[in-house]
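Student: Sequence:
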Amino acid sequence: MSIKPILMGTPMAEALAAGRKTQTRRTKGLEEINKDPDNWQFKNQAGSEFYFYQRNLKRNIIYLSPKYTEGDIIWVRETWKKSLDIHHMFLYRADSKNNPNIYGYHKWKPSIYMPKEACRKFLEVTDVRVERLQDISEEDAIAEGVLSAECESNSSCISSLCKLGCVGKGTYHIYPIGDHFEDFPAESPEESFQSLWQSINSKKQPWESNPWVWVYEFKEVERPINFLD
Numbered sequence: 000m001s002i003k004p005i006l007m008g009t010p011m012a013e014a015l016a017a018g019r020k021t022q023t024r025r026t027k028g029l030e031e032i033n034k035d036p037d038n039w040q041f042k043n044q045a046g047s048e049f050y051f052y053q054r055n056l057k058r059n060i061i062y063l064s065p066k067y068t069e070g071d072i073i074w075v076r077e078t079w080k081k082s083l084d085i086h087h088m089f090l091y092r093a094d095s096k097n098n099p100n101i102y103g104y105h106k107w108k109p110s111i112y113m114p115k116e117a118c119r120k121f122l123e124v125t126d127v128r129v130e131r132l133q134d135i136s137e138e139d140a141i142a143e144g145v146l147s148a149e150c151e152s153n154s155s156c157i158s159s160l161c162k163l164g165c166v167g168k169g170t171y172h173i174y175p176i177g178d179h180f181e182d183f184p185a186e187s188p189e190e191s192f193q194s195l196w197q198s199i200n201s202k203k204q205p206w207e208s209n210p211w212v213w214v215y216e217f218k219e220v221e222r223p224i225n226f227l228d
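Counting from 0, one number per residue, gives the positions in the sequence shown under numbering that gives the first Met the number 0.
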């Protein structure tokens, strides 16, 4: 078992805190085959190694290993800052949606700079597999933590088009890409996840490229006893 960090953007840190997120998809370690993802086929798995072969050269096999393996403990790095409250050393941007009074003289700091002592979420990897990004199922899109956009009333909806009559139809949130926001809800968890992926990876690994991804499943656990040693 290893203890390793993982970066989580604010929307997914929110999903994790709400108990909606039990999966994450990552491309780290798959760069070689993602240069031409259509030309590679997953063959099988042996231990922590995954075997792929090239479709046009079936004898050319590559062995790849995920960053996290089953049983590993992941500590989550999220956007944070130091607190002015002596009773709470750190504040987290993922909490600001439900608590808009989170403020202070300190600026929000990127997740990559979060120290171990600020970590509040620990995950145990329960399964690892590999697949193409666009093969995600409805069930797995929900497990990725996408936000349901079901409205209590027309006036509460974030979308002007949703106000026109999608109330109660089980729609999902569209995640903005930079300053661009589609003014309509997603019609499925898969479409919502697509917008989430694009909001994070549109420049390097866009949805249309359909890269290979590691699928990590996890459950939340307590902080390891020796974590700060």
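Quick caveat, the hints were computed from the structure, so don't treat them as lab data.
Take the hints with a grain of salt, since some may be wrong.
Claimed, not checked - Okay, derived cross-link-like pairs now, DSSO-like style, lysine-lysine, Cα gap no bigger than 27 Å in a straight line:
1. K202 to K3
2. K27 to K42
3. K106 to K66
Said to hold, decoys possible - Pair ranges (Cβ atoms, derived):
4. G70 to D35: 10 to 20 Å
5. R128 to G18: 31 to 41 Å
6. I199 to G18: 16 to 26 Å
7. Y112 to N43: 37 to 47 Å
8. N225 to L56: 25 to 35 Å
Because the structure is a prediction, the values reported are computed rather than measured.
C-beta atoms are modelled at their ideal positions from N, C-alpha and C, and glycine is treated no differently.
Student: It remains to establish, for every hint, whether it holds in the given structure.
Tutor: Hint-by-hint comparison with the structure:
no.	hint	verdict
1	K202 to K3	holds, 26 Å
2	K27 to K42	holds, 19 Å
3	K106 to K66	violated, 31 Å
4	G70 to D35: 10 to 20 Å	violated, 32 Å
5	R128 to G18: 31 to 41 Å	violated, 22 Å
6	I199 to G18: 16 to 26 Å	holds, 21 Å
7	Y112 to N43: 37 to 47 Å	holds, 39 Å
8	N225 to L56: 25 to 35 Å	violated, 46 Å
Checked against the numbered hints listed earlier, the structure breaks hints 3, 4, 5, 8; every other hint is satisfied.
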